[in-house]
Amino acid sequence: MEACSFDQAQQELGGSNQAKYICKYAKDINVNTVVIEEKYTDKDYLIDFSKFHARSFDTPSTFTKRLHFFSEKFSTEDFRETLVNCDEAYLGILRDSYFGFVVVKPIRDINGNPFIGRTILKPYQRNINQEYRRFIHGGYSTSLYGISLDINSLPFQAQDMAVGACATAALWTALHPSRDLFGIPSHSPAELTEISVSFPHENRNFPSSGLTIMQMINYIHLIGMEAEILNIGAVAELNSEIGGYMVSDAAKAYIKAGLPLIATLRLKNDKNITGYHAAVISGYRCDRNGHVKELYVHDDQIGPYSRVMPDGNFIRWKNEWIDNFGYDEVSVEKLLIPIYPKIRLAFGHIYNIYLKDKQKAISEGLDTEIYLTQVKDYKRFLLNNSIEDKETILTNPLPRFLWIIRTYYDRIPTMDDVYDGTAVFPKKLRTIRFLH
Amino acid sequence: MDADELAAKVDKLIIEFDKIANDPETIRESEELHRVAGYLSPEDLLTRFTI
Numbered sequence: 004m005e006a007c008s009f010d011q012a013q014q015e016l017g018g019s020n021q022a023k024y025i026c027k028y029a030k031d032i033n034v035n036t037v038v039i040e041e042k043y044t045d046k047d048y049l050i051d052f053s054k055f056h057a058r059s060f061d062t063p064s065t066f067t068k069r070l071h072f073f074s075e076k077f078s079t080e081d082f083r084e085t086l087v088n089c090d091e092a093y094l095g096i097l098r099d100s101y102f103g104f105v106v107v108k109p110i111r112d113i114n115g116n117p118f119i120g121r122t123i124l125k126p127y128q129r130n131i132n133q134e135y136r137r138f139i140h141g142g143y144s145t146s147l148y149g150i151s152l153d154i155n156s157l158p159f160q161a162q163d164m165a166v167g168a169c170a171t172a173a174l175w176t177a178l179h180p181s182r183d184l185f186g187i188p189s190h191s192p193a194e195l196t197e198i199s200v201s202f203p204h205e206n207r208n209f210p211s212s213g214l215t216i217m218q219m220i221n222y223i224h225l226i227g228m229e230a231e232i233l234n235i236g237a238v239a240e241l242n243s244e245i246g247g248y249m250v251s252d253a254a255k256a257y258i259k260a261g262l263p264l265i266a267t268l269r270l271k272n273d274k275n276i277t278g279y280h281a282a283v284i285s286g287y288r289c290d291r292n293g294h295v296k297e298l299y300v301h302d303d304q305i306g307p308y309s310r311v312m313p314d315g316n317f318i319r320w321k322n323e324w325i326d327n328f329g330y331d332e333v334s335v336e337k338l339l340i341p342i343y344p345k346i347r348l349a350f351g352h353i354y355n356i357y358l359k360d361k362q363k364a365i366s367e368g369l370d371t372e373i374y375l376t377q378v379k380d381y382k383r384f385l386l387n388n389s390i391e392d393k394e395t396i397l398t399n400p401l402p403r404f405l406w407i408i409r410t411y412y413d414r415i416p417t418m419d420d421v422y423d424g425t426a427v428f429p430k431k432l433r434t435i436r437f438l439h
Numbered sequence: 560m561d562a563d564e565l566a567a568k569v570d571k572l573i574i575e576f577d578k579i580a581n582d583p584e585t586i587r588e589s590e591e592l593h594r595v596a597g598y599l600s601p602e603d604l605l606t607r608f609t610i
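Same order as they appear, the protein sequences are chains A and B.
For the first sequence, my numbering assigns the number 4 to the initial residue and increments by one for each residue that follows.
For the second sequence, my numbering assigns the number 560 to the initial residue and increments by one for each residue that follows.
If we strip away everything but chain A, and leave its shape as in the complex, we get (with noise of 0.2 Å):
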């Protein structure tokens, strides 16, 4: 066990892109103090151990080692004596300045710089002046030494290319919140591979050789849920506008529901080579009048929660691709959003309703936003809110999922159209006025 400065355990993490991304990341959100945890026992990567590595002529160990993050600043002595001395007002200051950890695995790229294995830290601050970001998040418990950490975040790990490449690591990203909010399995990436290529295809299974739209959705299908698609080239196509607008509209309206969109992305370079990549759009950031100005992704390629502007829109991604990868244009294609099924009522489906109600609210000079909600969550918003007829429409029943269309003046809700989730076509429940 050792505990020292950020500087100092850098080299832990290698030399991989994903490794100077996170070293980046995690002295923008004020990381100070690593503990290193020599021999962790990582249950995703002991899985792939078992399903691919073990059966390596030369054969890793089955131990990764974790990189706990902290803002406090303290010694190796200080952490001993607190672990001795079970000293709790200490202890209680280490979990306040806890940033998550990074999970190192004894399996190396092509370049000898090791896996980035599971990474949980901690999203950027939620409110920037007049600005704010959402993320996805979750709770995640772990224990150092037994000493209870806890950290809200989304995970992320780098893909080994020997038991899954872009595709498998978004799956794997995209479904955790899915595990809490809907009680689907949990797989790491080799098994997560293994079950979406039982939709056969010509090319080997592992090592893996990624996977197609077609097995991914076989992916999700295989574990209970449904897999939303919004083709946004197509939808471009038809209408340049509406393309525009549909990316950060969709991301704002998941994300809200605590679930994370895969885009899919097609990357292209000066000698007009064009590459499929995969990755997770897992937060964004607004302005004062709730405009999105930046998408956060978890790209396997890059890390978590890294920045996306808009080239014009959000159809052309300016990032990494193109700042650091020689890429010369990063574009989405599609959005896949896997939902639970009880989910009927599709985001394209409603999309055009939102943007005449939204046309018709500027033209009064207030503005409107759309999103996903669970009747839950829901009711206890309203109940914290001045409403009109509060006690009808908390007592009487509602669908489990509802879209929202609210609207707003100078970012006080005025009112809310809602829909039913579980229909099949846009079918408007009530409208419920606020009060002020």
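Hints in this document: simulated from the structure, not taken from any laboratory.
Worth double-checking, as some hints may not be accurate.
Said to hold, decoys possible - Straight-line alpha carbon distances no greater than 30 Å define the calculated DSBU-like cross-link-like pairs of lysine-lysine that follow: (1) A:K27 - A:K321; (2) A:K321 - A:K296; (3) A:K42 - B:K578; (4) B:K568 - A:K54; (5) A:K393 - B:K578; (6) B:K578 - A:K255; (7) A:K27 - B:K568; (8) A:K431 - B:K578; (9) B:K568 - A:K345; (10) A:K23 - B:K568; (11) B:K578 - A:K274.
With chain A fixed as given, assemble chain B onto it according to the hints.
Positioned in the frame of chain A, the structure of chain B alone reads:
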């Protein structure tokens, strides 16, 4: 905008939004957008993500 003015605008929007939700042309356009947004061609389905 004062409170009365805002209330009047909200009254107006409630009526307008109801019209939009029940407008046959809006419903037709919604079905069209849903069909286009949800469609994957055979080539799309077989696109492999390898990076």
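Hint check:
1. A:K27 - A:K321: Within the cut-off at roughly 18 Å; holds.
2. A:K321 - A:K296: holds (12 Å)
3. A:K42 - B:K578: violated (64 Å)
4. B:K568 - A:K54: violated (62 Å)
5. A:K393 - B:K578: The given pair, whose Cα atoms are some 25 Å apart, holds under the 30 Å limit.
6. B:K578 - A:K255: Answer holds: K578 of chain B to K255 of chain A is near 26 Å, not above 30 Å.
7. A:K27 - B:K568: violated (48 Å)
8. A:K431 - B:K578: holds (11 Å)
9. B:K568 - A:K345: violated (35 Å)
10. A:K23 - B:K568: violated (52 Å)
11. B:K578 - A:K274: violated (51 Å)
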